[in-house]
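Heads up: the sequence lines are chains A and B, in that order. Counting from 1, one number per residue, gives the positions in the first sequence under the working numbering. Counting from 1001, one number per residue, gives the positions in the second sequence under the working numbering.
By construction, these hints were calculated from the structure, which means they are not laboratory data. Keep in mind that a hint or two might mislead.
[As the list claims (entries may be wrong)] Here are the computed distance ranges between Cβ atoms for each label pair:
| no. | chain 1 | residue 1 | chain 2 | residue 2 | range |
| --- | --- | --- | --- | --- | --- |
| 1 | A | 149 | B | 1025 | 46 to 54 angstroms |
| 2 | B | 1001 | A | 72 | 17 to 25 angstroms |
| 3 | A | 49 | B | 1055 | 21 to 29 angstroms |
[Claimed, not checked] Derived list of chain A stretches under chain B, where covered just means 3 residues or more per stretch with a C-beta under 8 angstroms from a C-beta of chain B:
| no. | region |
| --- | --- |
| 4 | 48-55 |
| 5 | 106-114 |
Fair warning: this is a prediction, and the values are worked out from it, not measured in the lab. All C-beta atoms in this analysis are idealised placements derived from N, C-alpha and C, irrespective of residue type, glycine included.
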Amino acid sequence: MPDLVTHTTAAWVCGRAWLPRPGLLLLLFGAQLPDLATRVPAILLDHAQARWVLPLHTPVGLLLLCLLLAQAFTVTWRRRAFALLMAGSGTHLLLDAMQENLRGSYHWFFPFSFWNGQLGWFAIEAAVPTIPVQLAVVGVVEFMLRRRRREP
Amino acid sequence: MIDALLWTDRGRGVRAAVFVAALIGSGAYAERHLAGREPAIADLLGDPGRFDGRRVQLITHATEGRDAFGLTLVDGVHRLRVDGEVGHIADGEDVSVEGLFLASLDGAPANRIVQSRVVGHPLRPWKKAVSGTAFVLLVCLMWRAFGRREGGIGPCRTS
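Throw the hints in and build the complete structure from the sequences for me.
Structure below.
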């Protein structure tokens, strides 16, 4: 997985221009969700125990998780919350599909198949050194957007 | 029809229970089918005979006790020795390993990985740190942006 800053930045790029703040935050949370649900248990427990949460890093598992989380929202926000969480999770899976390790850790077609292919375009920590650049780009774009909004 | 099934207030608790049950079921399914396909260290040590002579991949594990001939993988309370070239790995660095699991060697219990390829993850501590920071920051922003409303969570204001 790329780090959560990279996942969050990627989702921010996708949603900043057209989503109001609460919606954007849900999109960003969706982008962090797959790793929060699976990597944190893998770090705190062991890899065998963490297999129980592995489906939460697959499209079908995330669909169920986002449906579950959406139920916590008010009726006017429920459908929107689901769509935004799912879209954020989608950007996460897309980025993860591009990385390379000794074997893929993501089962894209679970529960129908345990195939865990990866595109192998970059190493799993390749994005970490680029974080200052990512944050700088976000900062500059955010500054410009706010400034443009303030102009008459 | 789908509206009534997924998004209305009616039956919300039942829906949530169904989703939780489906998630638990999918977890059980993954646990049952992946223990044999992608064994973790606990599986290798729990039933060494089953995996003897099999090539395994162990992804992103902590390590300890690196020496000239290999290192030890750490996974929770489990430890597994890896024999191989680890000159490029720093002491305590997280690694991914591919190699042959040997349950026994010359009749004696071995429980180790041999003929290994060890890939280091030197930036993993940084990755954990920045990821943790990103999560905490997002939770703070969401805490400010959302609140409890009648019927569930909703935005404090729409901007």
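* To do: Tell me, in ascending order, the numbers of any earlier hints that this structure violates.
  => Going through the list in order, the structure violates no hint and respects every one.
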